[in-house]
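> Okay, here's what each chain looks like letter by letter:
Number of protein chains: 2
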Amino acid sequence: MKLNISKSNLINAVNIVSKAVPSKTSLPILGCILIDASTEKIKFMANDEELGIETIQEGSILEHGIIAIDAAIFGNIVRKLPDGCDVSLETEGEKVTIRSGKIVFNISGMDGSDFPYLPEIDRSYSLDVSELTLRDIIIKTIFAIASNDANQIMTGELFEVRNREQLRVAALDGHRISVRSVELKQAYDDKKVIIPGKTLMEISKILDPSPEEMVHIYLADKHAMFQFGTTTVVSRLIEGEYFNVDQMISSDFKTHIRIGRQAFLSCLDRATLLVHEEDKKPIILKITDDNLELQIRTALGSMDENLSVEKDGDDIVIGFNPRLMIDALRAIDDDEVDVYFLSPRAPAFLRNEGSYCYLVLPVNFISSYD
Amino acid sequence: MKLNISKSNLINAVNIVSKAVPSKTSLPILGCILIDASTEKIKFMANDEELGIETIQEGSILEHGIIAIDAAIFGNIVRKLPDGCDVSLETEGEKVTIRSGKIVFNISGMDGSDFPYLPEIDRSYSLDVSELTLRDIIIKTIFAIASNDANQIMTGELFEVRNREQLRVAALDGHRISVRSVELKQAYDDKKVIIPGKTLMEISKILDPSPEEMVHIYLADKHAMFQFGTTTVVSRLIEGEYFNVDQMISSDFKTHIRIGRQAFLSCLDRATLLVHEEDKKPIILKITDDNLELQIRTALGSMDENLSVEKDGDDIVIGFNPRLMIDALRAIDDDEVDVYFLSPRAPAFLRNEGSYCYLVLPVNFISSYD
Chain A
0 MKLNISKSNL
10 INAVNIVSKA
20 VPSKTSLPIL
30 GCILIDASTE
40 KIKFMANDEE
50 LGIETIQEGS
60 ILEHGIIAID
70 AAIFGNIVRK
80 LPDGCDVSLE
90 TEGEKVTIRS
100 GKIVFNISGM
110 DGSDFPYLPE
120 IDRSYSLDVS
130 ELTLRDIIIK
140 TIFAIASNDA
150 NQIMTGELFE
160 VRNREQLRVA
170 ALDGHRISVR
180 SVELKQAYDD
190 KKVIIPGKTL
200 MEISKILDPS
210 PEEMVHIYLA
220 DKHAMFQFGT
230 TTVVSRLIEG
240 EYFNVDQMIS
250 SDFKTHIRIG
260 RQAFLSCLDR
270 ATLLVHEEDK
280 KPIILKITDD
290 NLELQIRTAL
300 GSMDENLSVE
310 KDGDDIVIGF
320 NPRLMIDALR
330 AIDDDEVDVY
340 FLSPRAPAFL
350 RNEGSYCYLV
360 LPVNFISSYD
Chain B
0 MKLNISKSNL
10 INAVNIVSKA
20 VPSKTSLPIL
30 GCILIDASTE
40 KIKFMANDEE
50 LGIETIQEGS
60 ILEHGIIAID
70 AAIFGNIVRK
80 LPDGCDVSLE
90 TEGEKVTIRS
100 GKIVFNISGM
110 DGSDFPYLPE
120 IDRSYSLDVS
130 ELTLRDIIIK
140 TIFAIASNDA
150 NQIMTGELFE
160 VRNREQLRVA
170 ALDGHRISVR
180 SVELKQAYDD
190 KKVIIPGKTL
200 MEISKILDPS
210 PEEMVHIYLA
220 DKHAMFQFGT
230 TTVVSRLIEG
240 EYFNVDQMIS
250 SDFKTHIRIG
260 RQAFLSCLDR
270 ATLLVHEEDK
280 KPIILKITDD
290 NLELQIRTAL
300 GSMDENLSVE
310 KDGDDIVIGF
320 NPRLMIDALR
330 AIDDDEVDVY
340 FLSPRAPAFL
350 RNEGSYCYLV
360 LPVNFISSYD
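As you go down the protein sequences, you meet chains A and B in turn. Sequential numbering of the first sequence, starting at 0, is according to numbering that gives the first Met the number 0. Sequential numbering of the second sequence, starting at 0, is according to numbering that gives the first Met the number 0.
Worth flagging that the hints you see were computed from the coordinates, not collected in a lab. Hints should not be assumed to be uniformly reliable.
Same chains, same names: a pair is fine if it fits in one copy or spans any two.
Said to hold, decoys possible - Using 30 Å as the maximum straight-line C-alpha spacing, the simulated DSS-like pairs for lysine-lysine come out as follows: (1) 101 x 6; (2) 6 x 79; (3) 253 x 101; (4) 221 x 40.
Work out the full structure, taking the sequences as your base and the hints as a guide.
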């Protein structure tokens, strides 16, 4: 193989496909980036067998061929080459020579024919959203997935096409639920799949925040495929039935407040100063008239703060893990947030009809407060 | 104690004195910041018994008193208070109330009378340099001190007033030496002390990079004291005789090159990509005519790069640990650097007469290269 490619295209390729390189692997070939110049295109690929990414970059192929190169070493070398330069990649057997100006690197590659290519996906079901929309909807829900895989379904997100023109994404971990919806630009058949959180996190990092560029999402039985620009991402799906989200989201409430998001967030943020990692001390919200009093008491001390709110309905005293409330508020863009409460033992909802709903379970604080 | 102080002054105080709070201590009082409002000034203090820092900040004292507060908790609370606000600090016994607007924190402090105050220092010998100069001379030499304390003297820097009008600072770790000199604005008696590296690192972080503001440095038998603005830093000195730096720095050479600093640095930086942490593989410099060829070969691969240089004297082939050369080049501001070599077994010198001299020992590479 012999090819010439600009450093910027090479960096692009490395940054995109590296997201599918596992941080640890017992199979050295999976720790590699595959460069496939066997056809008229230069393809870069990485695949951890759950998630595979392929991207095509411009360059000139002087001699066809395929090589796999350790992703960490290759990425480091490419990043440290002088900016704006052209790079030549040449292989002789598994020996790789990387040249740029008066710089020559020689490293060992691996036989590219051992590399696991991306699987072929059935393309009969697809939908389109913009890169910006997909990125946004992932970032604003993904924090609610469960981090450990005691329940594998909770480590993924529900992607659901409903009412033919709405894409709804949901994540939950047993303490909270994040739900975001967007209207689709055309009608599709209804569909539900569970996409691994890891896939979505990596995709969100390589999507361009552009409202014009589209992502074509293909949903097959066992895989999802995302195509945008010259990049293709293929992911396994999580099998099984997702939780019934509609059943968990009630619109009953007895107290509604409208509160300044930033002031609420800053207050909760201050409250967490007094909370140690293992410490489960809740923050207590006392809503009376147009005042929200927040209180926290821990082994380190106590904090008390008052915020003005607009209120409808009953007074209420309710406790929360401040971190869960913070995550939800950070995922909201609105300056003012509507929060709905039913009782001290029922979840609170941060909701904007048609766009988002964040549910946070309360903490029973009777034992910790007098 | 009761006092009012702006958040910005409080943050300032916390940021300055925190540098003397030990990260671990078996004596809880040493993990505290002392606030002493027993006189007409508000003093903040921290002291790990090697290094002590005191700073005075503006504010109004409504009730005199002294309190010690855990530095981490206090610092975190202060940082998260709303910007631009005024803060009131009030104590009742060891209970501390921090108030700002509608925010109230209650935390536990400790009896301030147990706190170790800074020692009184003999002020008979002092010299003045600007904050900028002191900061600069520290940052550009300190990397060469030894990180472990197998030899305690190597963990400090030699501060030396010589020829009455020159301050020379030296650091060494057995593989390299950094020496920087500045001319003083007036004459002083000659003097030598060894100041702990930790003290100097912390001071460099709180010095303002200002050429107008002066630092008064007091050098006593067992302590050094630095006064600048309203801040006082007191440090123990390291006892013993420093190495004879003059004897180590020779001006003999057989090869002299002048090389572009950034190009040399980038090349060495690329070369380190192929060096694993424990791996002692040197980079080989082959100087012939007006060309410098750099080569490195490790288990990961090899790199070869050519740079143009101006050369006087003999050709030479010499090996170095690239990281040591990188540290020295990073501490130099000049665009072009003069490097002097005597033989493959003698140190190289990066030197600018009257301002700096960086010595780097070569590595014997015969065993690793053919």
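> Classify it for me, residue 6 with residue 79: is the Cα-Cα distance of at most 30 Å met within a copy, between copies, both or neither?
Intra 10 Å, inter 43 Å, cutoff 30 Å: intra-copy only.
> Treating 30 Å as the Cα threshold, decide for residue 221 and residue 40: within, between, both or neither.
Only inside one copy: residue 221 and residue 40 sit 28 Å apart there, 71 Å across copies, limit 30 Å.
> Evaluate residue 101 and residue 6 at a C-alpha cut-off of 30 Å and name the case that applies: within, between, both or neither.
Only inside one copy: residue 101 and residue 6 sit 15 Å apart there, 55 Å across copies, limit 30 Å.
> Checking residue 253 and residue 101: alpha-carbon separation at most 30 Å within a copy, between copies, both or neither?
between (73 Å within a copy, 27 Å between copies)
Hint compliance for this structure: no hint is broken.
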